[in-house]
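Engineer: Letter by letter, the chains look like this.
Protein chains: 2
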Amino acid sequence: MTKKVLLKLLEEKKFQSIHEVLSKYNPVDLAGLLSELDDENMVLVFRMIEKEKAAEVFSYMDNDLRQVLVKTFSNQEIKYLFDSMFADDAADFIGDMPANVVAQLLENVDGETRVHINHLLQYPDDSVGSIMTVEYIELNPNMTVSQALDKIREVGNNSETVYTCYVVEKHKLLGIVSAKNLMISSRDTLIRDLMIDNYISVKTNDDKEKAANLFRKYGLIAIPVIDSEGCIVGIVTFDDAIDVLTEEATEDIHKMAAITASDEPYLKTSVLKHAKNRIPWLLVLMLSATITGSIISKYEQAFAVIPLLVSFIPMLMDTGGNCGSQSSTLIIRGLAVDELHFSDIPKIFWKEFRVSLLVSFALALANGIRITLVYGDVQLAFVVSISLIGTIVIAKLVGCLLPVLAKKCRLDPAIMAAPLITTIVDAFSIIIYFRIATLVFKL
Amino acid sequence: MTKKVLLKLLEEKKFQSIHEVLSKYNPVDLAGLLSELDDENMVLVFRMIEKEKAAEVFSYMDNDLRQVLVKTFSNQEIKYLFDSMFADDAADFIGDMPANVVAQLLENVDGETRVHINHLLQYPDDSVGSIMTVEYIELNPNMTVSQALDKIREVGNNSETVYTCYVVEKHKLLGIVSAKNLMISSRDTLIRDLMIDNYISVKTNDDKEKAANLFRKYGLIAIPVIDSEGCIVGIVTFDDAIDVLTEEATEDIHKMAAITASDEPYLKTSVLKHAKNRIPWLLVLMLSATITGSIISKYEQAFAVIPLLVSFIPMLMDTGGNCGSQSSTLIIRGLAVDELHFSDIPKIFWKEFRVSLLVSFALALANGIRITLVYGDVQLAFVVSISLIGTIVIAKLVGCLLPVLAKKCRLDPAIMAAPLITTIVDAFSIIIYFRIATLVFKL
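If you read the protein sequences in the order shown, they are chains G and S.
Under this note's numbering, residue 1569 is the last one in the first sequence; the count climbs by one each step, no gaps.
Under this note's numbering, residue 1569 is the last one in the second sequence; the count climbs by one each step, no gaps.
Do not take every clue at face value.
What the hints assert, rightly or not - Per label pair, the in silico range of CB-to-CB distance:
| id | chain 1 | residue 1 | chain 2 | residue 2 | range |
| --- | --- | --- | --- | --- | --- |
| 1 | S | T1315 | G | G1356 | 38 to 44 Å |
| 2 | G | G1345 | S | V1194 | 20 to 26 Å |
| 3 | G | V1241 | S | V1397 | 57 to 63 Å |
| 4 | G | S1420 | S | L1409 | 29 to 35 Å |
To be verified - List time: in silico DSS-like cross-link candidates among lysine-lysine, alpha-carbon distance up to 25 Å:
| id | chain 1 | residue 1 | chain 2 | residue 2 |
| --- | --- | --- | --- | --- |
| 5 | G | K1343 | S | K1343 |
| 6 | S | K1394 | G | K1534 |
| 7 | S | K1140 | S | K1150 |
| 8 | G | K1336 | S | K1343 |
| 9 | S | K1129 | G | K1534 |
| 10 | S | K1130 | G | K1343 |
| 11 | G | K1150 | S | K1329 |
| 12 | S | K1129 | G | K1343 |
| 13 | S | K1277 | G | K1277 |
| 14 | G | K1533 | G | K1329 |
| 15 | G | K1179 | S | K1343 |
As the list claims (entries may be wrong) - Coverage of chain G stretches by chain S, computed from C-beta distances (three or more under 8 Å per stretch; other residues unrestricted):
| id | stretch |
| --- | --- |
| 16 | 1386–1399 |
| 17 | 1403–1413 |
Source of the hints: derived by calculation from the structure; they are not laboratory data.
C-beta: ideal position from N, C-alpha, C; glycine also.
Same shape as in the complex, but just chain G (with noise of 0.2 Å):
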């Protein structure tokens, strides 16, 4: 149903039909249906879901709606939904609501639930204790293939996953059942002699990015958390690791692009705040090349005798920093999916290197031949040509290093990316070709 169909049954009042289609709809889909209403129909349109799936759509929705939707709420109301929602979801909508809102909120919610939530609002926002849930199965070692379906079918509907289920004793995790494994063994096999104990696990501080390298390196369906003393806090789920994926995909994009990064969504980020977002990196980026403007006023002599020689300027900084922002990023992006690290620096650099002389020569050539073409002056163009390869030599080396240097110093390397490269590399390639003009022309 588009929203042009739903906003005619609204208006002709067909409530009943309304109803019946949004039942055939998909949470997902319904959540972005709402999205695309003005708030009155979209509450209005929010009580025609029926409340079990209401529920759902609810924790698929932006902060913004959910928090129009929950002032319309009664205490009731706010106490099913919560009931019916994950911990996790229940707990990053909290975390985003005004103060007041949260107060009344958690009110509503039942003591167990309420302790839930607050556990997990603890935990800061880059690590895996934010994104974990606290509804997994959980077995006995002594219990049989038989005695374990019978639990899950108990509780497996309020557990965010089932295909997964973890044996513990005394809180501590002694290993992990796959569901598959319930479903293809006889019924009277002991969960103890089924189990995997060299499983793999997070802890609540570790970075949740590194929890989503491991879903997307093992292909698990869930990874269990554990505290420092070996029992299980939680569990992290593949459609999140996904989620964090492609956040930390999103924001290393934006850093690349001297952007502070977000996780708002484009449209609703405010014209304040993207400006902000942008306007820092902007003014550190504009005052570095003010170097590079004073290291030009120095050769003022040079070009106020061969003007000619200024015209090459903006080719030569393109051509370096598109040179250095390759080997950076392709660098970053090695080092963010874990393909690359520091103890790889020799044989990046040595790579490199070797990259930048082709590089640098079949550049070097293509230019110097446009050059004694259309100006016929082989001199210049030799100068020009051996800029280049200088030029393309350090944007290469330097674009390569600095990356892996940022890591080492715990900084994050996609700052490192195109544009403080370029800053850098402008500075060399101005010296580097007025250096060799004022050789080669006596200047």
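Starting from the structure of chain G, add chain S where the hints point.
Structural biologist: Just chain S now, kept in the frame of chain G:
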């Protein structure tokens, strides 16, 4: 076990200990460990892995190492390997082997597997068909839950996932049932009554990025692949979707840095290949940058009179490039994660326009103050600041429009990133700057 320990055990010929330690390893980690050994030891250690696990380890290894291994396999071993691998992994592997090896391999697999592999090999690299698998669980709508569980018990071990089952009648996909639902429903429920019939599906020829985005949006474990008649031909699982999302992000990041996308890891790519991936765009951009150069040479007389003018060129060019790339990056990523669409163009344009005013005034102010303080020349400060404002506004508008237009023309928006935008904006900034300078200083 680290490489060091393993090499020591090998040297001491303690093969039994190696075998025992290997049995505790995760197949993914084993594949990683093998890749660190030289070919001879790699083959030796691979043969010490228990047979069943070896096939799985093999599916996680890089192609160059797999080729080395395959050469040492007997026909019996090749047959066993293919029987144990999932068809999609087998097809991936076959697809990357040299023709003579392929012939030898396919001779040794059984008829059905060969048909599956040949079928999967037909799909283009970026299609859903290329990542789908044909091992899934089919249920009949008239089965009971109990019969369905029996079927899973019987064939589950050969299916890539048992967690979503497909209800099929005469090849037509009627609906899907989750294993969770099977596990928590009463034994005599009919599958027909349990299945969901408004499921999400993809077509074999859909772009694999589209499928991956559906996983992200709906948090699914598997998506069925259907043909034009609604018959099921395979499934895609979440772990393949995670790989696709990572690959696509990497590809976009590389393209945005003017690198031809390649899915080989950085260190495994030869120097020549690296150079080939980088030179084409650099050449295009370098030659485009000469346009800016020739614009500059038109204003030779201007900077012959006031040479100081030249020293502001890098700052203007860099800032324009950075501003443009901020905007284009935000839009390119928004388009990639399906958050922005062509229809948003007016909203994007209006937002970027206002952001550009805020950003440009902030930077112009900082720059104006700096120039007034350093050079004591208010007129110069005025010229540079006004040029900066014009450059930034144009940069942001060009930066946000080009990716959206590229998308509309079915080009990859990622091409409209920093390097190209910078080259375009450079020309604008130089024209604006010298126009204003010649006007104000009456040159």
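Engineer: Hints first: check each against the structure and report whether it holds.
Structural biologist: Hints versus structure:
no. : hint                          : result
1   : S:T1315 / G:G1356: 38 to 44 Å : 40 Å, holds
2   : G:G1345 / S:V1194: 20 to 26 Å : 24 Å, holds
3   : G:V1241 / S:V1397: 57 to 63 Å : 58 Å, holds
4   : G:S1420 / S:L1409: 29 to 35 Å : 31 Å, holds
5   : G:K1343 / S:K1343             : 21 Å, holds
6   : S:K1394 / G:K1534             : 23 Å, holds
7   : S:K1140 / S:K1150             : 16 Å, holds
8   : G:K1336 / S:K1343             : 22 Å, holds
9   : S:K1129 / G:K1534             : 23 Å, holds
10  : S:K1130 / G:K1343             : 23 Å, holds
11  : G:K1150 / S:K1329             : 22 Å, holds
12  : S:K1129 / G:K1343             : 19 Å, holds
13  : S:K1277 / G:K1277             : 22 Å, holds
14  : G:K1533 / G:K1329             : 22 Å, holds
15  : G:K1179 / S:K1343             : 17 Å, holds
16  : 1386–1399                     : holds (count 5)
17  : 1403–1413                     : holds (count 8)
When held up to the earlier numbered hints, the structure conflicts with none and fits them all.
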